[in-house]
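Those sequence lines, one after another, are chains X and A. Here the first sequence is numbered in the working numbering, starting from 2 and rising by one per residue. Here the second sequence is numbered in the working numbering, starting from 2 and rising by one per residue.
These are calculated hints, taken from the structure and not from any lab test.
In silico DMTMM-like pairs for lysine to aspartate or glutamate, Cα to Cα no more than 20 Å straight-line:
#1 A:K229 x X:E187
#2 X:K390 x A:E47
#3 X:K78 x X:D51
#4 A:K78 x X:D383
Note that the structure is a prediction, hence the values are computed from the model and not measured.
Protein chains: 2
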Amino acid sequence: MAKKTGNNKNDLKEDVSLSPDDIAPLNESADGVRFGVSAELRDAIEDNLDHHNAAAVLELLEPLHAADIADLINHLKARYREPFFQLIKEQLDPETLVDVDPALRLDLINLLNLDQISRVILHLDSDDALSLLETMDEELIHTILQRIPAGERSIFERVLQYPDKSAGRLMQREIVCVPPHWTIQEVSDFIREQKDLPSLFYDVFVVNPRHHLMGKIPLNQLVRQDPKTLVSDVMIEDIHSFPDISDQEEVAQAFKHYALVSAPITSSSGRIIGMVTVDDVVDVLEEEAEEDILHMHKVHGESDFYAPVSTTAYWRTRWLLITLVNTLIASYVISQFEASIQQITALSFLMTINAAMGGNSGMQVVTVVVRALATRSLLEEDTWRAVRKELGVSLLAGSFCALVLGGIAGLWVDSVGLGIILSVSLICNMLWAAFAGTLLPIVVSRFGLDPAISAGPILTTTTDVFGYALFLGLATLFLL
Amino acid sequence: MAKKTGNNKNDLKEDVSLSPDDIAPLNESADGVRFGVSAELRDAIEDNLDHHNAAAVLELLEPLHAADIADLINHLKARYREPFFQLIKEQLDPETLVDVDPALRLDLINLLNLDQISRVILHLDSDDALSLLETMDEELIHTILQRIPAGERSIFERVLQYPDKSAGRLMQREIVCVPPHWTIQEVSDFIREQKDLPSLFYDVFVVNPRHHLMGKIPLNQLVRQDPKTLVSDVMIEDIHSFPDISDQEEVAQAFKHYALVSAPITSSSGRIIGMVTVDDVVDVLEEEAEEDILHMHKVHGESDFYAPVSTTAYWRTRWLLITLVNTLIASYVISQFEASIQQITALSFLMTINAAMGGNSGMQVVTVVVRALATRSLLEEDTWRAVRKELGVSLLAGSFCALVLGGIAGLWVDSVGLGIILSVSLICNMLWAAFAGTLLPIVVSRFGLDPAISAGPILTTTTDVFGYALFLGLATLFLL
Numbered sequence: 002m003a004k005k006t007g008n009n010k011n012d013l014k015e016d017v018s019l020s021p022d023d024i025a026p027l028n029e030s031a032d033g034v035r036f037g038v039s040a041e042l043r044d045a046i047e048d049n050l051d052h053h054n055a056a057a058v059l060e061l062l063e064p065l066h067a068a069d070i071a072d073l074i075n076h077l078k079a080r081y082r083e084p085f086f087q088l089i090k091e092q093l094d095p096e097t098l099v100d101v102d103p104a105l106r107l108d109l110i111n112l113l114n115l116d117q118i119s120r121v122i123l124h125l126d127s128d129d130a131l132s133l134l135e136t137m138d139e140e141l142i143h144t145i146l147q148r149i150p151a152g153e154r155s156i157f158e159r160v161l162q163y164p165d166k167s168a169g170r171l172m173q174r175e176i177v178c179v180p181p182h183w184t185i186q187e188v189s190d191f192i193r194e195q196k197d198l199p200s201l202f203y204d205v206f207v208v209n210p211r212h213h214l215m216g217k218i219p220l221n222q223l224v225r226q227d228p229k230t231l232v233s234d235v236m237i238e239d240i241h242s243f244p245d246i247s248d249q250e251e252v253a254q255a256f257k258h259y260a261l262v263s264a265p266i267t268s269s270s271g272r273i274i275g276m277v278t279v280d281d282v283v284d285v286l287e288e289e290a291e292e293d294i295l296h297m298h299k300v301h302g303e304s305d306f307y308a309p310v311s312t313t314a315y316w317r318t319r320w321l322l323i324t325l326v327n328t329l330i331a332s333y334v335i336s337q338f339e340a341s342i343q344q345i346t347a348l349s350f351l352m353t354i355n356a357a358m359g360g361n362s363g364m365q366v367v368t369v370v371v372r373a374l375a376t377r378s379l380l381e382e383d384t385w386r387a388v389r390k391e392l393g394v395s396l397l398a399g400s401f402c403a404l405v406l407g408g409i410a411g412l413w414v415d416s417v418g419l420g421i422i423l424s425v426s427l428i429c430n431m432l433w434a435a436f437a438g439t440l441l442p443i444v445v446s447r448f449g450l451d452p453a454i455s456a457g458p459i460l461t462t463t464t465d466v467f468g469y470a471l472f473l474g475l476a477t478l479f480l481l
Numbered sequence: 002m003a004k005k006t007g008n009n010k011n012d013l014k015e016d017v018s019l020s021p022d023d024i025a026p027l028n029e030s031a032d033g034v035r036f037g038v039s040a041e042l043r044d045a046i047e048d049n050l051d052h053h054n055a056a057a058v059l060e061l062l063e064p065l066h067a068a069d070i071a072d073l074i075n076h077l078k079a080r081y082r083e084p085f086f087q088l089i090k091e092q093l094d095p096e097t098l099v100d101v102d103p104a105l106r107l108d109l110i111n112l113l114n115l116d117q118i119s120r121v122i123l124h125l126d127s128d129d130a131l132s133l134l135e136t137m138d139e140e141l142i143h144t145i146l147q148r149i150p151a152g153e154r155s156i157f158e159r160v161l162q163y164p165d166k167s168a169g170r171l172m173q174r175e176i177v178c179v180p181p182h183w184t185i186q187e188v189s190d191f192i193r194e195q196k197d198l199p200s201l202f203y204d205v206f207v208v209n210p211r212h213h214l215m216g217k218i219p220l221n222q223l224v225r226q227d228p229k230t231l232v233s234d235v236m237i238e239d240i241h242s243f244p245d246i247s248d249q250e251e252v253a254q255a256f257k258h259y260a261l262v263s264a265p266i267t268s269s270s271g272r273i274i275g276m277v278t279v280d281d282v283v284d285v286l287e288e289e290a291e292e293d294i295l296h297m298h299k300v301h302g303e304s305d306f307y308a309p310v311s312t313t314a315y316w317r318t319r320w321l322l323i324t325l326v327n328t329l330i331a332s333y334v335i336s337q338f339e340a341s342i343q344q345i346t347a348l349s350f351l352m353t354i355n356a357a358m359g360g361n362s363g364m365q366v367v368t369v370v371v372r373a374l375a376t377r378s379l380l381e382e383d384t385w386r387a388v389r390k391e392l393g394v395s396l397l398a399g400s401f402c403a404l405v406l407g408g409i410a411g412l413w414v415d416s417v418g419l420g421i422i423l424s425v426s427l428i429c430n431m432l433w434a435a436f437a438g439t440l441l442p443i444v445v446s447r448f449g450l451d452p453a454i455s456a457g458p459i460l461t462t463t464t465d466v467f468g469y470a471l472f473l474g475l476a477t478l479f480l481l
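Excised from the complex, chain X in its bound form:
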């Protein structure tokens, strides 16, 4: 977008705020991919809010997609969020509320009155409406449900029964179902006449009179067929469907594995009751992978980035307490060898090598195993196969590192004995790291804990304790 050169007035103006035409609303990467609001636009909005210039704010918002307005709300400084939302809530696109960071969603909903909330809920596809309802407390959900038509209400009430993060929660109820004896022409006519179609769909499902799944016709197959063809002649029978109670991450992994675009969801009685589409799955897959990263590094969740300083500090501190306990235990172990360290002070700086190498190689193993469990690359039945492999890897990698570090340490402090003791304890610690690093994630997930959260800290505590105790213990035994 070239800057207008004829507009001299604008160039001369002293006003800090740029004219809307001069602001690129979206972020653009060097190679031309545009999405998400620019810092420039965000600053202009904040500036106009400071000057209570409502018209200018609304003008700036005009070219934006609902997802970009949500992005803008995420990026605004905390104190601007309420006045901004008050300004836009009359013309609010309900999708914006769905796209905004979950940590901010409830505060925004609370700025709407009951009528406005009910209208938002009714306007959205059922899966999106549900994700808003999920942020509210029991009482508010109840109040809102009382205000919407009985048919919709009973659907929401039923869906809210499903466990959190289940396929039943993820699915949308709006689907297109046809009987097998129809022609393609009848299907096309049916679709044209329907009012309450899902806003997006990719497959027409074929069902028997009891609403059990018989097959599907992808839209891109439907449009290629002769209108007189029978549905039963062209439907695909071998399709993937999922029970409503299944875990959403499992469903997402299956979508990825089979490259699915949409899949029907069935109730325990085998009736088809909804579908999951790939756009929901994209969110689940990335969120779960992201959650693993964040949790493995002791971060609360994605909202960490948008939450106020005090909230983030509270979350981070809670996680740091794990390190705090870990490091105090390690310190206590070292303190038991105080006398040895006083006699051979070289121990004080060599001991950290063993602990660090054990912890790091153990975290490599934990990371691989946690991801392999999440993507079903590792099955519980194969636990011992995995342990054997990791022990082999550690023996090779550990021997190499032991040779290098033992050699360096021996030359450094001029003591063959210390070099050998460091080498031996390093290999032992890395073998322990491989063994425990493979088993721990499997064991903790068997107990229903998230291995991404708990396996790492437990492991590094043991490699610290084991690393210090073995090295200092062997040194005390052989060198004093």
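Starting from the known structure of chain X, arrange chain A on it as the hints suggest.
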């Protein structure tokens, strides 16, 4: 699947191998989601390969999807992969090669003859064919391209010019384009008569005579329209398209942001030359998030899990060299204070607390910033805003931890001085961790390095050095 009870012969047989009917081929979770081969099936296949029982192997494979056979190849012990592939290669579904782990792909391709490889390449959609070509060396690519028809060849040659991980590499060339003056009926007829349609598509693109993009009609809109309607009357004009040279992760993030299902790719001259579909994007999004996790924990990549012990050991050792250097630097810093530690041995066990807390809180910051950069939640323009926030968080979290740890340490070694010195150095180290943890990922990515790989190790080296030096330095200064 109930076990057949009538088959007494089978029950009495001593043979170790189960009958195919008794083996559940797929893994099934407790809540009924089935995908990926079961360990049971894998073991049965390996067993039959040992007994050279080809017919039994093929019978077991019958119910499997191409993606599941790929999964089976991943899971077979290394020595079984070649004989297994030799057995199935005649009836090979080309999709299997696409789905198999990239680390194993080349070995399998080398077991095929040139005719077989060419046939596989021609059979696949262009994006999948490309992902196979990408695994081969220059010479083999050249030989294969000589064997396929000139039209297809020139397409591949052009696509192979695109940089690695660009939208041009990710896209498929097969698309459906129509002029704006057609009726819906004409579009339907055109689709029905076309032979070379993409195997999956979700949108019909509307183009002008110069093949520039004017709009699109999603299939689920197309099927709802009256046949006599004009394309130009119902097409959606406000659509997202991406330049062929853009980075695939940027495109994937934009897909997620706007919940897209397919998007056209344009050349530098503005012509539409292909499309990216959401199934490709699912892979990119999860791979990139997964790569971040793996790299942040010094793991080479997803193939780590399937590679042989020696390869994995080689990769792991290379990454451990980073820790090795890091820990040697830290050791050297500690060794400079050998005399102080000899006089106050409590320093030897308290010093690790400061380094560990600094490293851990720094990694929290690095993790949040690396993910925020990848998802464009953090823009470079907002660097200082982020630094200010992280300093605030660290001051709060650090003060709390300093109070707790300083108190415990002071009581433990009965020295108010040591407690205060630990507290002060802890706060300083955590502030440094916040500052460097925010800036480092931004700076290294400015230099074109992957922040997930390099920011963590650099940061923990500094927090180690700074942590030890500050604590031991202050203690030397004030307590000796």
